[in-house]
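Trainee: Sequence:
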Amino acid sequence: MSGERFLAAYIVGVEVMARLGRSIGSDHYVKGWHNTSTLGVIAAVAAAGYFKGFSVEQMEKVIGFAATQSSGMRIQFGTETKPLHAGFAAQAAPLSVRLTEENFGGTRRALDGKIGFFGLYGDAELAGKALLEGWGEPWRIVTPGLWFKIYPFCSAAHHAADAAIRLKENPALGQEEIRQVEIIFPSGGDAALIEKSPLTGEQGRFSVEYVTALALNGYSLALESFTNRPIPQEILDFMSKVHRKYDDSIEPAPNAVPKGRFTIVQVTTSDGNVYSERVDCPRGAPGNALSLKELQYKLLTSLKMDRERTELLTQTIKGLRTEDDLRKLLSLL
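Numbering-wise (this note's numbering), the sequence shown opens with residue -10 and increments by one.
In case anyone wonders, no lab produced these hints; they're calculated from the structure. Warning: the hint list may mix true and false statements.
[Claimed, not checked] Straight-line Cα separation of at most 25 Å, DSS-like style, residue types lysine-lysine; simulated pairs:
| hint | residue 1 | residue 2 |
| --- | --- | --- |
| 1 | Lys307 | Lys41 |
| 2 | Lys282 | Lys317 |
| 3 | Lys293 | Lys317 |
[As the list claims (entries may be wrong)] Have a look at the derived ranges for each label pair, beta carbon to beta carbon:
| hint | residue 1 | residue 2 | range |
| --- | --- | --- | --- |
| 4 | Glu312 | Pro247 | 37 to 45 Å |
| 5 | Glu91 | Ser186 | 44 to 52 Å |
| 6 | Ser15 | Leu162 | 53 to 61 Å |
| 7 | Ala211 | Glu297 | 17 to 25 Å |
Keep in mind it's a predicted model, so treat the numbers as computed, not measured. For each residue, glycine too, the CB sits at the ideal point set by N, CA and C.
All chains, please: the whole structure from these sequences, using the hints.
Mentor: Below, the structure is given as structure tokens:
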């Protein structure tokens, strides 16, 4: 079980996840499924099966065990259960692997047909080409690449966060009272941002109004602002000034992430001046990658590692080759 095999398995998992997303189609998400969990469990067993050197028959079975445990509903967004969905996928994947290794009974055709995974969750007729053609040409981990979220809230609000932070840094705006804030999306660009009037920081993870109000008032966008505590009254009052708009006449940028997405934050002050910032590709997204220092900072803050351990972890990942390297990595985590 070498470090190189471990990294290769991760690349396979990313590839499968991306292809499942394209194969299932947008209706899967629109209907209310949460792809991170519903598709993540299948991608996880693909990575694990590759890592362990499963045969074709074993891979078919482990995918079947994962598919039958696929779950996660978007109606849970704004609650603690939403991030738990990733935990459900992570829990179901090793169970699926163990069932396969014990030769537990299960179908080898779980993805196919009208009552298979794609028939139930998406469109079985559309799945084949997107799932199989052009494997590794290029690898999805390279193009478009991974999105490392720099903020602990829904990625659909990251564009607005970046724009609001830029506006806050504008010296001219800092001298004037804000009368109104308009946040402009393409139609459907805010579908995941289901909370317009959140009362807690946890609900605020899915509120562009809350995120923008925090940034424009100089509050932290770190994890402490997105817990189950009540939102400060100053921010609640400010959110009443924030409104969403939609404009499909605006041309999306070629480098937009996700494709066709943009967010414009437009601030009008009490004396009539208008300040505006537009973001098509937020920080951390493919095309606007975080630096190594920023990634290490995320490790420091999210995993609460000290700086020495973070440096050691980074160096271990860079040199991951042998079984000993892999054991060292796991011990650091």
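Trainee: The structure should be examined with respect to each hint, and the outcome stated for every one.
Mentor: Evaluated hints:
1. Of the pairs offered as hints, the one joining lysine 307 and lysine 41 holds, with about 22 Å between alpha carbons and a cut-off of 25 Å not exceeded.
2. With a C-alpha separation of about 22 Å, the suggested pair lysine 282 and lysine 317 falls inside the 25 Å cut-off, and the hint holds.
3. A C-alpha spacing of about 19 Å is found between lysine 293 and lysine 317, which places the hinted pair at or below 25 Å, so the restraint holds.
4. Take glutamate 312 and proline 247: their Cβ atoms lie about 38 Å apart, and the range 37 to 45 Å holds.
5. The given range of 44 to 52 Å is respected by glutamate 91 and serine 186, whose C-beta atoms sit roughly 50 Å from each other.
6. Distance hint for serine 15 and leucine 162: a CB-CB separation of about 37 Å, inconsistent with the stated range 53 to 61 Å.
7. Checked against the hint of 17 to 25 Å, the pair alanine 211 and glutamate 297 passes, with Cβ atoms roughly 22 Å apart.
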